[in-house]
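Listed here are the chains, written in short residue letters.
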Amino acid sequence: MIKFENVIKKYNHQNALDGVNLLVHRGEFISLVGLSGAGKSTLMKLIIGEEQIDGGRILIDDVDISRVKKRDLPYLRRKIGMVFQDIKLLPKRTAFENVAFAMEVCGHRMEKIVKEVPKILDLVGLIHKKDSFPHEMSGGERQRVAIARALSHRPVLLLADEPTGNLDEVNASEVIDLLLKINQLGTTVILATHASDLVNKIKKRVITIEGGKITMEQEKGKYKL
Amino acid sequence: MFDSISFLRVIKTGLTNFVRNSWLSMAATMVMTITLVIFSTLFLLFVMTNYSIKTIKNTVDISVYFKIGLAEEQIRNIQDSLAADARIKSLEYVSAVQAFEDFKAKHANDQLITQSLNELSENPLPATLHIKAARLEDYPQIAESLKQDQYANFVDKVNFEDNRLVIERLNKILQFIITFGLALAVIFALIAILVIYNTITLTIYNRKEEVEIMRLVGATNWYIRAPFLTESFLYSILSTFITAGLFLPVFTKVVPAVIGYVSPQAGEVFAGSLTSYIWMFLALFAIAVVLSLSSTLLAIRKYLKI
Numbered sequence: 436m437i438k439f440e441n442v443i444k445k446y447n448h449q450n451a452l453d454g455v456n457l458l459v460h461r462g463e464f465i466s467l468v469g470l471s472g473a474g475k476s477t478l479m480k481l482i483i484g485e486e487q488i489d490g491g492r493i494l495i496d497d498v499d500i501s502r503v504k505k506r507d508l509p510y511l512r513r514k515i516g517m518v519f520q521d522i523k524l525l526p527k528r529t530a531f532e533n534v535a536f537a538m539e540v541c542g543h544r545m546e547k548i549v550k551e552v553p554k555i556l557d558l559v560g561l562i563h564k565k566d567s568f569p570h571e572m573s574g575g576e577r578q579r580v581a582i583a584r585a586l587s588h589r590p591v592l593l594l595a596d597e598p599t600g601n602l603d604e605v606n607a608s609e610v611i612d613l614l615l616k617i618n619q620l621g622t623t624v625i626l627a628t629h630a631s632d633l634v635n636k637i638k639k640r641v642i643t644i645e646g647g648k649i650t651m652e653q654e655k656g657k658y659k660l
Numbered sequence: 016m017f018d019s020i021s022f023l024r025v026i027k028t029g030l031t032n033f034v035r036n037s038w039l040s041m042a043a044t045m046v047m048t049i050t051l052v053i054f055s056t057l058f059l060l061f062v063m064t065n066y067s068i069k070t071i072k073n074t075v076d077i078s079v080y081f082k083i084g085l086a087e088e089q090i091r092n093i094q095d096s097l098a099a100d101a102r103i104k105s106l107e108y109v110s111a112v113q114a115f116e117d118f119k120a121k122h123a124n125d126q127l128i129t130q131s132l133n134e135l136s137e138n139p140l141p142a143t144l145h146i147k148a149a150r151l152e153d154y155p156q157i158a159e160s161l162k163q164d165q166y167a168n169f170v171d172k173v174n175f176e177d178n179r180l181v182i183e184r185l186n187k188i189l190q191f192i193i194t195f196g197l198a199l200a201v202i203f204a205l206i207a208i209l210v211i212y213n214t215i216t217l218t219i220y221n222r223k224e225e226v227e228i229m230r231l232v233g234a235t236n237w238y239i240r241a242p243f244l245t246e247s248f249l250y251s252i253l254s255t256f257i258t259a260g261l262f263l264p265v266f267t268k269v270v271p272a273v274i275g276y277v278s279p280q281a282g283e284v285f286a287g288s289l290t291s292y293i294w295m296f297l298a299l300f301a302i303a304v305v306l307s308l309s310s311t312l313l314a315i316r317k318y319l320k321i
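Chains as they are written, first to last, in the numbering used here: chain E, 436 to 660; chain P, 16 to 321.
Honestly, the hints are just simulated from the structure, not real lab data.
Source: prediction; values computed, not measured.
Cut-off 25 Å, straight-line C-alpha distance, at most; resulting in silico cross-link-like pairs (BS3-like, lysine-lysine):
hint, chain 1, residue 1, chain 2, residue 2
1, P, K27, E, K547
2, E, K514, P, K223
3, E, K616, E, K550
Generate coordinates for the entire structure from the input sequences, incorporating the hints supplied.
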């Protein structure tokens with residue numbers, strides 16, 4: 436589904452990614468581990484076309500994304516959901532409105548939005564919080580709303596960049612459980628994290644990045660650094 | 016570019032931005048209005064002065080009064096020789112009989128004059144020739160040549176109404192209006208561009224989070240940009256309507272008064288024409304749209320990261 440071929444990305448003449456080769460299959464759950472600055476976030480930004488590569492190529496369903504025109508990038512992003520450490524919810528909108536917002540800006544009809552959003556909130560276990568504002572929810576709940584928003588386009592791929600970074604253990608493990616559940620429903624998930632205990636619990640494919648290079652690949656692996 | 020739902024959503028977002036930054040929006044609208052007022056004033060002054068010059072130019076002419084009892088044939092000879100003069104644009108001949116009839120008709124209601132006219136045994140009025148020159152500068156020479164000896168036996172009096180000084184002054188005023196007015200208009204247009212640029216930049220800054228999320232969830236670039244363009248379009252519409260409202264009384268009252276003062280019969284023609292008002296409205300709207308959209312596009316290019 437996603438293929439990295441000798442990908443190079445430079446920031447100020449320094450290689451953030453240095454010849455990365457990676458193959459992600461449909462339906463996989465991948466934990467991308469490594470220290471801060473190892474290149475995890477860069478790798479994700481390249482997949483959604485937010486950054487341009489400096490060498491090699493990235494294929495998503497056999498489409499070379501460096502050849503996707505800038506105006507077509509939004510349509511690529513609708514196939515890929517993304518969540519972040521800093522969550523990025525709109526503070527003045529309720530959980531329902533935050534998820535609806537994503538569907539609105541992509542031109543979905545109101546009837547469809549009203550029908551779909553409760554289903555998605557139910558999936559992330561927050562239907563009872565649909566009218567709550569972000570400041571009325573816990574960090575874990577907020578992150579689950581963000582995941583709901585990322586799922587609103589029914590993406591084939593979900594990228595989670597340190598989604599548990601600001602959460603306590605209980606909240607973090609709720610978020611990971613949700614990601615696993617989404618994966619079971621058929622969505623490919625790539626989780627970037629440096630929380631070793633969470634990775635060990637997941638028991639799925641682990642890819643370790645160090646200094647912009649993939650240094651280790653394990654099926655059902657553990658966090659080793 | 017959009018389906019209808021997205022179009023409505025974009026307009027709604029633009030309106031919301033406008034209302035949320037109401038102070039900034041008002042400032043932007045005011046500056047744009049001032050600019051449009053300057054443009055309109057300039058336009059009106061130009062039109063009125065130009066019109067006045069044209070009208071006054073028309074009033075300049077030379078009247079040649081022939082000696083009483085001169086034969087029509089001799090007058091015709093003079094008329095023919097003058098008609099050959101390239102400097103002369105038109106000749107209007109009023110015969111003595113015609114002049115008498117005109118005079119009678121004009122004072123038909125005045126019994127005293129009518130009575131005294133009836134007492135007269137012969138026509139006291141001379142035949143007249145009204146001459147218009149092709150160019151303003153030629154009038155003095157033409158008037159001078161008519162006073163020469165060859166005409167002395169036929170011509171009683173040459174009357175030359177010299178309005179050239181007035182025209183020269185009006186021309187100077189027109190020149191001043193054009194240079195000073197245009198400079199002022201350009202300065203205010205630049206100020207309007209700057210103020211709108213700043214307003215839109217602030218709106219972009221206020222909506223930074225929203226824009227970032229829109230981008231990440233796959234909103235198209237135009238969907239992200241369009242609300243800012245809508246907002247600046249609102250400034251154009253509002254300021255055009257305010258200016259047009261301010262100028263409605265000017266158009267219906269002041270302009271007819273001024274034009275009426277210069278030439279009474281033309282005033283109503285000018286003021287009554289709703290079309291000139293509509294044209295000015297459209298011109299103002301075009302100016303406003305060009306100014307506000309160009310500054311918004313500049314701000315978007317610089318600050319809206321897509």
